[in-house]
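A.B. asks: When you get a sec, could you build the whole thing from the sequences and use the hints?
Our numbering runs 348 ahead of the 1-based position in the sequence shown.
No lab work stands behind these hints, which were simulated from the structure alone.
Be a bit skeptical, because a hint or two may be false.
To be verified - Simulated restraints, written as ranges between beta carbons of each label pair:
#1 R426 to V485: 42 to 50 Å
#2 L496 to G432: 17 to 25 Å
#3 Y456 to S365: 26 to 34 Å
#4 Q487 to Y428: 40 to 48 Å
#5 I470 to R384: 19 to 27 Å
#6 D455 to V427: 21 to 29 Å
#7 V427 to L477: 34 to 42 Å
#8 Q396 to S365: 34 to 42 Å
#9 L472 to Y428: 40 to 48 Å
#10 G432 to T381: 31 to 39 Å
#11 E467 to R488: 28 to 36 Å
#12 L494 to P466: 25 to 33 Å
C-beta: ideal position from N, C-alpha, C; glycine also.
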Amino acid sequence: QATRPRHHPRPAPAELSATPLIRERQCVLLSPTDPRAGYISLGFRDLQNCTMISGLEDSAEDRIMKNALRKYHISIKRVYRTDGIDTSMQLVRDGMGIAMGPASFADYFHVKAVPLEPETWISLQFICLQSSLKRPVIQRFRDYLLSLCDPVNESVFP
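C.D. replies: Here it is, written out as structure tokens:
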């Protein structure tokens, strides 16, 4: 007798708890030697015909990039896809293309971050079921993440 797979319905939004961890300005990440690295900002139209560095097909990074390009009717020359942020940032650093990402990547990965206009923000949240939040181990994990992210920092949460 075959067993039917159990269907797990998607929780309703009211059943979920979301805690903001990080909120940062979305930037164009460029090689330090790129002539645009000193710009105050770049518009989405400035990305026209660029070579982009992105995550694997249909990854969160890839979907964010595709949505932005579609929204602003931008065509790009080509996309280099990698399965790791270190490789992506090495390609950006080497001038092989540009990427979209948070401002905090600039110092960490030794690239330049130029803010996108119109102002665009990305965020990371800790999301779990409301019922799970009652468990001490989940509370401790959330509190630990909050201690790492320092969400009250004005530069992170304006």
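A.B. asks: Could you run down the list of hints and mark each one as holding or not?
C.D. replies: Results of checking the hints against the structure:
1. R426 to V485: 42 to 50 Å: At 45 Å between Cβs, range holds.
2. L496 to G432: 17 to 25 Å: holds (21 Å)
3. Y456 to S365: 26 to 34 Å: The hinted range 26 to 34 Å holds for Y456 and S365, with Cβ atoms some 29 Å apart.
4. Q487 to Y428: 40 to 48 Å: Because 41 Å falls inside the window, the suggested range holds.
5. I470 to R384: 19 to 27 Å: Given range 19 to 27 Å: holds, Cβ gap about 20 Å.
6. D455 to V427: 21 to 29 Å: Check passed, 25 Å falls within 21 to 29 Å.
7. V427 to L477: 34 to 42 Å: Once the Cβ atoms are compared, 36 Å apart, the range 34 to 42 Å for L477 and V427 holds.
8. Q396 to S365: 34 to 42 Å: holds (41 Å)
9. L472 to Y428: 40 to 48 Å: violated (24 Å)
10. G432 to T381: 31 to 39 Å: violated (23 Å)
11. E467 to R488: 28 to 36 Å: Check passed, 35 Å falls within 28 to 36 Å.
12. L494 to P466: 25 to 33 Å: With Cβ atoms ~29 Å apart, the hint holds.
Of the numbered hints listed earlier, those contradicted by the structure are 9 and 10.
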